[in-house]
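**Q** Sequence:
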Amino acid sequence: MFQDKYDIIVVGGGHAGCEAAAAAANLGSKVLLITMNLNTIGQMSCNPAMGGVAKGQIIREIDALGGYSGIVTDNTMIQFRMLNRSKGPAMWSPRSQNDKFAFAQYWKYVLEKNKNIDFWQDMVVNLLIQKDKVSGVETQMGIKIKSNSVILTNGTFLNGKIHVGKKQFGGGRSGEKASVGLTENLTKIGFKTGRMKTGTPPRVDGRSINYKNIEEQKGDENPGRFSFLKTPKLKAQQSCYITYTNEKTHEILKNNFNESPMFSGEISGAGPRYCPSIEDKITRFAEKNKHQIFIEPEGKNTSEIYVNGFSTSLPEKAQYDGLRTIQGFEKVKMIKPGYAIEYDYFAPTQLNYNLETKIIQNLFFAGQINGTTGYEEAAAQGILSGINAHHKINKKENFILKRSEAYIGVLIDDLINKGTEEPYRMFTSRAEFRILLRQENADERLTLKSHEIGLASKERVVLLEKKTKNKKQIFTFFKKQSITPKEINPILKRKNKKEVNQSKKSLQIISRPEINFKEINEIKTIKDFLLKFPKNETIGVINEIKYSGYIKKEKENVEKVKKLENMCIPEKINYSKIKSLSNEAIEKLNKIKPNNIGQASRISGVSPSDINIILVAMGR
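Residue numbers (the working numbering): 1 to 620.
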């Protein structure tokens, strides 16, 4: 049934588990993926979409590392949009709508193609531990399976409890049972656990929506991709739609708040502040008489619609009555109610940077078990845990991404040093070096780094080398090519900007904040030259020219941070004996045990004066 011993066992087949299993297997580890339902591997439990603000950058980074989230997304997209185009390029974020059924199917296909991955359908209820080191798992069926390492990616299933009005039942998501036993096992070992909450909106029958009275939201005219590989180009796109709640909607829902588990105290877990339920929106933003609702198709060959913006745990009847007051939804048919779900998580401050637990060696946590929310955040932790579990059992160096190298680095650094008491979601604002961490340059930042450890393929390196060569050619052209007043003045006049009276180098024109790629491309000599190159590469060069001053400044700041991170803190330092340190700093420093001054400075509760005191104690 099983081989005698696996290198790595991955528990859970969600986005974190899929990336973890794939990464470890591609590096050469023999992997067993255990999940409670083999038919729901890679399932989009919530909205049928990938990417978005900061999240799109993460998917591109996963792809640059040799992960599969971008590839799976590209092969199952039904719509693509680049968000935040009105802002600077550091804020641009790709987002897609996906066929959720095809998405899960493609993930399963990818994993089953890998000969290093075996599968088992069961529930893990216990860990096998020998001398503070994990040695395998025990399942609900009473089967003990040995391994050198275990990665837990349990999602929302650990003691999951679903709430619909006053009804409660165990479950990890609608129609699937909760995972029980493992939390209790981990707490006995010494892990600290808590409860979190998330929710999902009702699904409705698209055939019952009146699309004539609501706003259509089309995809980009020229849709992009997530993967840096040559994945299929999206041809036929499906539209999303926008509508709004109204005062009547709010009145109906408010009249049923007494039956909401959120207000009755039945739900103890913290919910996602940045993705509030409709009950939260009505309460927190009482001055607003309407809230935006996004109507998102769940696939090509289904009438199921995801009602984004209407997450709720109210009784089914209240949900239904509220929906029917919304424009376009007057005759809507609800096919699944929304619900809230509570689940166990473990404070991520109990992890090392490689996502290995501090208490038990060779045991790794990834995804919502660490208090994060979102497919993208989970997948990012998955690929890093898969790499590092493989490295640990093969006595290789940890694979760590710094805050200056990737959004993934920001994510993990935040979790380890700050922890979280609410579902953690990535935003561009969390990254202090976001001009360096643009979505279009993820391969330039990460692919070679990943190739060195044997994960990113040679094909990716070849594509990167070609891209680098092309960008050099484009930059040289812009440096040499002049633009005449006749060519640029019509554009400047149209934008009410001062016209020029002599020819200027393209580089000078591009540097002007009011000139974007579209306008540069209006000049025939430039347009004809750029036709030879992919649009993304040209945009990358333009970004580097336009923001060269900011890029230089951020690189200087990165060097300053490096100096702090090169100041290693002695392992045996006793913070309790350092005079003048605040009590909070002592508590946090003892708990997290930072490796260097840079890490210590990012711990919540450790002030700049605390850092100075530590430096003095170290003789600096």
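None of these hints come from the bench; they were simulated from the model.
Cβ atoms here follow ideal geometry from the backbone N, Cα and C, with glycine treated the same way.
Misleading hints may appear alongside valid ones.
Ranges of calculated distance between the beta carbons of each label pair, as one might list FRET restraints [as the list claims (entries may be wrong)]: (1) Gln508 / Lys290: 19 to 25 Å; (2) Ile335 / Lys479: 56 to 62 Å; (3) Glu266 / Ser576: 25 to 31 Å; (4) Asn301 / Glu266: 35 to 41 Å; (5) Lys230 / Asp205: 35 to 41 Å; (6) Gly265 / Lys133: 40 to 46 Å; (7) Glu247 / Gly549: 45 to 51 Å; (8) Gly265 / Ile359: 49 to 55 Å; (9) Pro513 / Glu266: 51 to 57 Å; (10) Gly175 / Asn398: 28 to 34 Å; (11) Phe119 / Gly142: 14 to 20 Å; (12) Gln327 / Val461: 28 to 34 Å; (13) Gln508 / Glu112: 25 to 31 Å; (14) Lys230 / Gln327: 17 to 23 Å.
**Q** Determine whether the Cβ-Cβ distance between Gly265 and Ile359 falls within the hinted range of 49 to 55 Å.
**A** violated, 32 Å
**Q** Check the following: the C-beta atoms of Gln327 and Val461 are separated by a distance inside 28 to 34 Å.
**A** violated, 52 Å
**Q** So the hint says 56 to 62 Å: do the beta-carbon atoms of Ile335 and Lys479 match that?
**A** Hint holds: Cβ distance 59 Å, inside 56 to 62 Å.
**Q** Do Gly265 and Lys133 keep their Cβ atoms within the hinted range of 40 to 46 Å?
**A** The hint (40 to 46 Å, Cβ to Cβ) holds, given that Gly265 and Lys133 are roughly 41 Å apart.
**Q** Does 25 to 31 Å hold as the CB distance between Gln508 and Glu112, or does it fail?
**A** violated, 54 Å
**Q** CB of Phe119 to CB of Gly142, is that within 14 to 20 Å?
**A** holds, 19 Å
**Q** Taking 19 to 25 Å as the hint, is the beta-carbon distance of Gln508 and Lys290 inside that range?
**A** violated, 47 Å
**Q** Evaluate the given range 35 to 41 Å for the C-beta pair formed by Asn301 and Glu266.
**A** Cβ of Asn301 to Cβ of Glu266: about 38 Å, so the range 35 to 41 Å holds.
**Q** Taking the Cβ atom of Gly175 and the Cβ atom of Asn398, is their distance within the range 28 to 34 Å?
**A** violated, 39 Å
**Q** For the pair Glu266 and Ser576, does the Cβ-Cβ distance stay inside 25 to 31 Å?
**A** Distance hint for Glu266, Ser576 is violated at roughly 41 Å.
**Q** Between Glu247 and Gly549, does the beta-carbon spacing fit 45 to 51 Å?
**A** With Cβ atoms ~49 Å apart, the hint holds.
**Q** Looking only at beta-carbon atoms, does the pair Lys230, Gln327 fall within the given range of 17 to 23 Å?
**A** Violated, since Lys230 and Gln327 (Cβ atoms, about 42 Å apart) do not stay within the stated range.
Hint compliance for this structure: hints 1, 3, 8, 10, 12, 13, 14 are not met, and every other hint is.
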